[in-house]
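Engineer: Residues per chain are reported as follows:
Number of protein chains: 2
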Amino acid sequence: MPSPAKSPATITSRDNRWLKLFRMALRGGLPTESNSVGVEGLRLVEEALTSGCQIEAVLFSESGERHRAKLAPLISRPEIAIPILTTTDRLFEGIADTEHPQGVAALVAPRPAQLEDLFSTPAGQCSPLIVVLAGVQDPGNVGTILRTAAAFGATGAVTSATGQSGSASPFSPKALRASAGAALHIPLVQGAALGILLTQFKLNNISTIATCVHDDNPTHSLAAPWEIDWCQPIALLVGNEGAGLPEDVVHSADARIHIPLERRVESLNAAAAAAVLFYESFRQRHKST
Amino acid sequence: MPSPAKSPATITSRDNRWLKLFRMALRGGLPTESNSVGVEGLRLVEEALTSGCQIEAVLFSESGERHRAKLAPLISRPEIAIPILTTTDRLFEGIADTEHPQGVAALVAPRPAQLEDLFSTPAGQCSPLIVVLAGVQDPGNVGTILRTAAAFGATGAVTSATGQSGSASPFSPKALRASAGAALHIPLVQGAALGILLTQFKLNNISTIATCVHDDNPTHSLAAPWEIDWCQPIALLVGNEGAGLPEDVVHSADARIHIPLERRVESLNAAAAAAVLFYESFRQRHKST
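Residue numbers (the working numbering), protein chains in the order written: chain A, 1 to 289; chain B, 1 to 289.
Don't read these hints as lab results, they were simulated from the structure.
Computed from a prediction, not measured in an experiment: that's the story for all the values here.
Just so you know, not all the hints are guaranteed correct.
Said to hold, decoys possible - The list that follows gives simulated cross-link-like pairs (lysine-lysine, DSSO-like), each with its CA atoms no further than 27 Å apart:
id	chain 1	residue 1	chain 2	residue 2
1	B	174	B	20
2	B	70	B	174
3	A	287	B	20
4	A	20	A	202
5	A	70	A	202
6	B	20	A	174
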């Protein structure tokens, strides 16, 4: 591994080991051997550098060098030794996942969280508010939901597969872009088994709230968002874009929630629905009266 | 104009007058001479047919004929005589604005609303709730905001230009897709001058609420969404995606609203922000306590 030189090492061959790692993480969307993921663009690299996650390397292209001054206070701290690399614009384009890359990228190792970490109440919050993505397949939706959850003060997140579908990785380049880096900040557990998860919530006195897109199932009573007490410890379960949550999960949850709409023909997309629910929790947790 | 034949007229030449009209409306995104706009796809055509707006023509491709049965109750009513046309898949692809067209499209004349129409309280509502799009440039955002507004019971909408930017047409194919046809249902006034609009709201005792993306302007006090009384007559002013509302508009509004977020680095996209605000108005207007 190159030492953190003051003048960065310039990469001129596409066979360079670092470039291969960046290409796999960004264009390939796969974690590196050391479990780092790729982030690209000034804003996401900034988020990575301030997340407290370990940074494996930062890469600038020639034209990306213009962002260097802005990032300097974050990358030249003496207590951290981050390899800073540069390459040509052409080689950068070859590893980037975006069409018009900004010329700055980083490899960052997300901080693994344990399920138990999510059960305690962080400072400044009245109780845990955990979002569970159960079979949310679109990486953009996964990212947007995490971003919205973090913005409104969710204290943790879990991705989980249902019998029908898995959830998209929150650390793919597309999901990271949509989350604006929130996935690096919020304590996040990946790939928990849904059954174990529900049992753990019950054992830890965390109420499970199932989100229901349709209100046509007469066997359940559905609560409006404002009818839920969001100040209690809550795990909000969000299901697949098309199929929703599995019926048995809806059934076993402590409550079922539905956003009532004026025109029945309408529906909200996943991002807007998440914004509404997390807003409601935020409102209840923050309103003075 | 062809008569509404039982067996539809089949168009085989790309120079056909109807095809040219559809091409201009769908691919060109421009209204026809008779001010009709183009909608494409089963769901949007259905919305158009149930909107009460005048339908100029419905066009099926060969493979689109499979949607015919579903639409039959809407297009074969004796009291309306809609020209029903068919064409080949190849010619339909030439007029469609989407990559994989569903093979059904319609020309529909949006119902023009007058500003005064928006000032009265529709049945079932406590008071008018008008959304004003002032310089919202992205057609997708215009559509999504209208869809969300309609879903949560907004009673009317206005598009307006600011000194800096115009608002995208709510009737372009992209905006209509994003609005899921809501633009055809909600009373909508296009292109009102912002100054006249604000005066008219004042004269009609409609409170103007300016949405503020940033909370860094110390000269204004900003209300959280739940601090606004949404049961009064309200015009919610939504500004440009980047620049927001012009400063003088923010200043002269009756109140300024800001969605507070836990992490200052975060922001909500236009659709999520609109969902939160319209949800809050819906909550207040519907909650029993």
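Engineer: Hints numbered earlier in the text: which of these fail when held up against the supplied structure?
Structural biologist: As far as the earlier hints go, 3, 4, 5, 6 are violated by this structure, in ascending order.
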